[in-house]
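Chemist: Construct the entire structure; sequences and hints are all you get.
2 protein chains.
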Amino acid sequence: MTRLLDNHLAGRWQAGSGAGTPLFDPVLGTELVRVSGAGLDLSDGFAFARTKGGAALRALTYAERSAQLARIADVLQGQRDAYYDIALQNSGTTRNDSAVDIDGAIYTLSQYAKWGAKLGAARWLADGELVRLGKDGAFQAGHFLTPQRGMALFINAFNFPAWGLWEKAAPALLSGVPVVVKPATATAWLTQRMVADVIDAGVLPAGALSIVCGRSDGLIDALEPFDLVSFTGSADTARAICGHEIVLRHAIRVNAETDSLNSALLGPDATPGSEAFALMVKEVVREMTVKSGQKCTAIRRVLVPQAHAAAATDAIAAALAAVKVGNPRNESVRMGALASRAQRAAVRDGLGVLGGEATLAWAGDESEFVDVDPAVAACVMPHLFRVDDGDASKLVHDVEVFGPVATVVPYRDPEHAYRLARRGYGSLVASVFSDDAEFIARAAIEMAHAHGRLHVVTPAVGKVHTGHGNVMPMSLHGGPGRAGGGEELGGLRALGFYHQRSAVQAPADVLAKLVEGAAPWQGGAG
Amino acid sequence: MTRLLDNHLAGRWQAGSGAGTPLFDPVLGTELVRVSGAGLDLSDGFAFARTKGGAALRALTYAERSAQLARIADVLQGQRDAYYDIALQNSGTTRNDSAVDIDGAIYTLSQYAKWGAKLGAARWLADGELVRLGKDGAFQAGHFLTPQRGMALFINAFNFPAWGLWEKAAPALLSGVPVVVKPATATAWLTQRMVADVIDAGVLPAGALSIVCGRSDGLIDALEPFDLVSFTGSADTARAICGHEIVLRHAIRVNAETDSLNSALLGPDATPGSEAFALMVKEVVREMTVKSGQKCTAIRRVLVPQAHAAAATDAIAAALAAVKVGNPRNESVRMGALASRAQRAAVRDGLGVLGGEATLAWAGDESEFVDVDPAVAACVMPHLFRVDDGDASKLVHDVEVFGPVATVVPYRDPEHAYRLARRGYGSLVASVFSDDAEFIARAAIEMAHAHGRLHVVTPAVGKVHTGHGNVMPMSLHGGPGRAGGGEELGGLRALGFYHQRSAVQAPADVLAKLVEGAAPWQGGAG
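As you go down the protein sequences, you meet chains A and B in turn. The numbering used here numbers the first residue of the first sequence as 1 and each following residue consecutively. The numbering used here numbers the first residue of the second sequence as 1 and each following residue consecutively.
Calculated directly from the structure, the hints in this document are not laboratory data. For every residue, glycine included, the Cβ atom is placed at its ideal position computed from N, Cα and C. Misleading hints may appear alongside valid ones.
Sample of chain A residues lacking proximity to chain B, with all beta carbon distances greater than 12 angstroms (derived) [as the list claims (entries may be wrong)]: (1) Ala117; (2) Leu219; (3) Arg329; (4) Ala363; (5) Phe369; (6) Pro414.
Now the in silico label distances, taken between C-beta atoms and shown as ranges [what the hints assert, rightly or not]: (7) A:Asp200 x B:Asp217: 52 to 60 angstroms; (8) A:Asp389 x B:Asp85: 52 to 60 angstroms; (9) A:Asp136 x B:Ser17: 52 to 60 angstroms; (10) A:Ala307 x B:Thr51: 25 to 33 angstroms; (11) B:Asp388 x A:Ala55: 25 to 33 angstroms; (12) B:Ala56 x A:Asp389: 24 to 32 angstroms; (13) A:Gly137 x B:Lys394: 41 to 49 angstroms; (14) B:Gly517 x A:Asn96: 35 to 43 angstroms; (15) B:Gly517 x A:Gly137: 30 to 38 angstroms.
Modeler: Spelled out as C-alpha cells, the structure:
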C-alpha cells in the first residue's frame, strides 16, 4: 500500500482512519499516495484554529504577518524541485504548466508580503475619511476594518493545488485569520506537502494553518458564526455550500468562484493577417492548451466578426495541430494529461454534449499521443468547435467543458458581440483583441458588468501583456453570476473579505485614537 | 369596501385581481385601504424595468441621476403632511416616530443627491490607482465599477415604509439601477403613496421605479442573472431568499438585513450618578420606546457592570414608568401602537418566551393605556427584563422580541462584556457609554468584528450624538451573522452593491481613457 498522507488539525499531525482514497499519476496510472480525513474531530480542530491560531495571528501586526508570508515564500522556494516533481506525477503537467501553479503561488505570496509590509505596525484598517455628524464636528463617523474572528475554510479545486491555496491564504493570514484548507482529493498531495513544509519550518503560530484531506462531509456542519468560506469548484457544489443550513443560519460569508464561459473578442478591425488577429489566435491556443485547458479563466468562447469566422477557425485549428500531447516527461510534449481519468471522462461527456449543438472544427488524432498508453493516461486532444448562430446556440454559453475545448462564435456587430459575451451570465474574464482604441474602450465598459476582469491586447502590448488566463495578484479575480459572484486578489482589496467593516460614531478624539492605530485602506490597490 | 391600491409595473398602474388584503389602523382597528398583487405579470414587469428603466437610467450621468434624487426629495417634502397622516393611521405612530421614517427618508435622499452630484458627468467609477503589470508600464491594471444591468428588488419591512424604500432606492437609482419595491403588506400604503407621487411628478424615466404590493410569491422566481435583491426583515425569510434555487443558480447578489440583538455597554467607570450612566439610561429608554421598539437597531441587551446592574435596572424602569402609551392622536402619548395586532401577538409570544428565562423587572400597567380600546389597539407596554448570568442565559442573546423590550445583563469585566456582546452572533450596532477614553477605544476594536456599527457616547457628546438607533446615511448600516451580513448606506460605499467591480488589464493609453471618463471611488465616504 502507498503512503497515507497525514492531516494537520488542532495543531498536530493526525492520520485519518481507514485505507483512504488513492491518488494516481494521470499519465502512467500508478498509485502515488493515499489520503483520508475520516474520523477527524473537525469541531475540535476548527475550535483550535479559531481560538489558538486566530488569537496568535491577531496579536501580530500586518507587518509581522507580512514577514511570515515572506518566510513562507522562502520555504516554498527552497522546495521548488520537490513540488515540480509532485506536480509532474500527480497532475500530469509539463514543466511550464506546473510553473503556473507553483511559481504563481510563490509570486503571489511575495506580492502580499510586500504590500502587507506597507501596512506597518497596525492591527486594523481605516477605510476612508472621517465624516462629521452634526455641524460642530464634535461627533463624527469613521469606518474601520477589523480582522474577522472566525476561521477561513478553503474548499479548493484540483487544478491549482499550490496557487489555489496560497492566493487565498496570503490575504487571509495577512488579515490575521486562521486557515483550514480542504484540497481537492485528486491532487491533494502537493497542497499537503506545501503545508507540511511550512508547518515544519515553524513559520506560523499553532492553529494558523490546517489541512484536512480527502473528505468534504461535515466540514460545513462544523462552522460557527463569524467563520468564512472560500470555495473554488463547480457551480453545483457552490450551490450546496451557499444553500447549506449552517451557512444560511449564521449568514456565513462565502466567496465562490465557479464555472465560467470566458470569451475572447476579436475586434471588427482585426482582419485576418492583422497583428491583432494573430495575437488572438496565439492566445486562444495558449488558453486551450495550458494545463490542458483546466483553468477556470480559460477561453471557452471565441467571438469573431462573422466575415472572419472561417479564417479564425482555420487559423486556430492549424496552430492546435502543432501542439504535441502526451507524457510531460517527453521534452517534445507541450500539453500533458488532464488531472485524472475521471476528468477525462467528464471532458469526453462534455464534448459529446457540446457536439450535439456545435460543429467540430478540429479534434486532432489520438494516435499521435506521445509516450502514453491511451487506455491508461488521462489525455485528450484539443477540440475546437464552431457554431453558426450564437443566439440560437445555448450550450456554448452554458456548458463549461473543463479541458482543452473552445468554440468559435460569429457576431454581426459590436452590440451583438457584447450580448453574446454577457450570455455567459457572468464570467471571470473576457479578452479583447483589437487595434481600435475607441472600440476597445467601449467594449470594456459594455462588458464590464458581466465580468470580473477584462484583458485588452493590442499589437503594442503583444509581447508584454500578462495573458488572458493568468491571474495577476494585482487584479481582481472572480466574476458575477455563473462565475460565483466572488472577489479574490486585486491587491489589498482581498483583505476586505477577511475583515469586518464597521462604522464607528464617536467623539472626534476617540476616532483620532482609532485612526492613529490603523493603517489606511481605500478598498485599495496594493 | 375600502380602496384597492394600484401597483406600478411595466411602466403603468395595474390593479391586482381579487378583493386584496386589507390594511388596518392599529390603534382604532378600522380598515384603511386594500392591496393586491395577484395576477400581475411579474416577468413582463421586471423585463420592462431592466430594459427600459435600466437603459434610461444608465444613459444619464451620476450628476443627472443625483438631480433626480434631489427632485424626489422635493416631491416628498411637498407631500409631507399627507405622509404623516398615513403614518398616523396605518402605523399608529406618534409624530416624532413618524418623523424618523418620513423625514429620515427625505434627509437620506438629499444626502445622496449631494454626494452623487460630486461624481459629476461620469457614468462609471474608478476604484483605486492604476498598477503596472510588468516593468515598463506599457501594460497596466485598473479597477472600475460599472452599473449592474439587472434590476434591484427590494423586499422591505413594515417598520420603515418610507425610509426603508428610499435609503435603498437612493444609492440604487444613483447607480443607474432600476428599482422594484415590494413593501411589507401591513404598512404598504405609505410606500405606495410615495411611489405614486414620484411617478406622477415625472421625475424618473419609465421603468426606473416600480411597486408590487401585497404578494411575495413569485418575486424571486422572476429574477434573472445580474438582478439584485435587498431584503430587510426576519432571518427566516432571509434564509428562504438566500437559499432559493434561482438565487443560488445565478449567484444573485442578496443584501440582507435581519434580526439583531443589539447591545448598549455601560463602561466600568460609569457608576450610578455619573453622566455616562444617565446618558445610558436615557438612550435605552429612547430605544425601547421610539417606534414602540420596532427598530432593527433598537437596544435589546443592556450590558452593565455587575455591581451596578440593580441600579441600572431600577433607573431604566423608573424612566419607563413616565412614558405614556396609547393613541398617538392624544398629545400626552409618547409611545403609540405596534404596527398591527399580528405584531402585538408576536411580541406577547416573545415576552412569554423571554420571560421563561429572564426575570421581568418592569412591565407597566395596561390599564394606563391612553385613549385606546385594549381589545382593539395593537398597544403593548414597555417590558424590561434582567438576567443574573449572561453566560447561562441563551434566549436573551438569541430571541429578538420586536417591540419595546430590553434585558439588563450584568458583566464581570470588560472581556466578559465583549464576549456577551459577540454572543449576539452578529449585530447591527452596539453603543458604549463611558468617559474612559482607553476603555472606549479598546471596546470599539474588540467588538467591531461582530458589529456593523459602534456608537460611542461620552458626556462631552451627550447632547450632540446622533442616537444609538438612528441610521445616519454617512455610516454603514448592516452587520455580520445574525444581522444578515449586509452593508447599506455608508455614504457612497452603498454604490458598491449596485455596481460590478472589474479589473481592466490594458495598455496604459486605454486605461487613461477609462479613467478620464470615470469618477473616482475609493470604496468611499461621501
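Chemist: A separate judgement is required for each hint: does it hold in the structure or not?
Modeler: Hints versus structure:
1. Residue-level check passed: alanine 117 (chain A) sits 16 angstroms from the nearest beta carbon of chain B, beyond 12 angstroms.
2. The Cβ of leucine 219 (chain A) lies farther than 12 angstroms from every Cβ of chain B, with a closest approach of about 18 angstroms, so its non-interface assignment holds.
3. Every CB of chain B lies more than 12 angstroms from the CB of arginine 329 (chain A), the least distance being 32 angstroms, so the non-interface label holds.
4. Every CB of chain B lies more than 12 angstroms from the CB of alanine 363 (chain A), the least distance being 31 angstroms, so the non-interface label holds.
5. With 12 angstroms as the threshold on Cβ separation, the claim that phenylalanine 369 (chain A) sits away from chain B holds: the shortest Cβ distance comes to roughly 35 angstroms.
6. Every beta carbon of chain B lies more than 12 angstroms from that of proline 414 (chain A), the smallest distance being close to 16 angstroms; the non-interface claim holds.
7. Checked against the given bound of 52 to 60 angstroms, the beta carbons of aspartate 200 (chain A) and aspartate 217 (chain B), roughly 57 angstroms apart, stay inside it.
8. Here the CB-CB span from aspartate 389 (chain A) to aspartate 85 (chain B) is close to 59 angstroms, well matched to the stated 52 to 60 angstroms.
9. The given range of 52 to 60 angstroms is respected by aspartate 136 (chain A) and serine 17 (chain B), whose C-beta atoms sit roughly 56 angstroms from each other.
10. Remark: the range hint 25 to 33 angstroms for alanine 307 (chain A) to threonine 51 (chain B) is upheld by a beta-carbon distance near 29 angstroms.
11. Between aspartate 388 (chain B) and alanine 55 (chain A) the CB atoms are about 29 angstroms apart, so this pair conforms to the stated range of 25 to 33 angstroms.
12. Our hint of 24 to 32 angstroms for alanine 56 (chain B) and aspartate 389 (chain A) holds, since their Cβ atoms are close to 30 angstroms apart.
13. Remark: the range hint 41 to 49 angstroms for glycine 137 (chain A) to lysine 394 (chain B) is upheld by a beta-carbon distance near 43 angstroms.
14. Taking the beta carbon of each, glycine 517 (chain B) and asparagine 96 (chain A) are about 38 angstroms apart, inside 35 to 43 angstroms as hinted.
15. For the pair glycine 517 (chain B) and glycine 137 (chain A), the supplied restraint of 30 to 38 angstroms holds, since their beta-carbon distance comes to about 35 angstroms.
Figure legend: structure checked against the earlier numbered hints; every hint is met.
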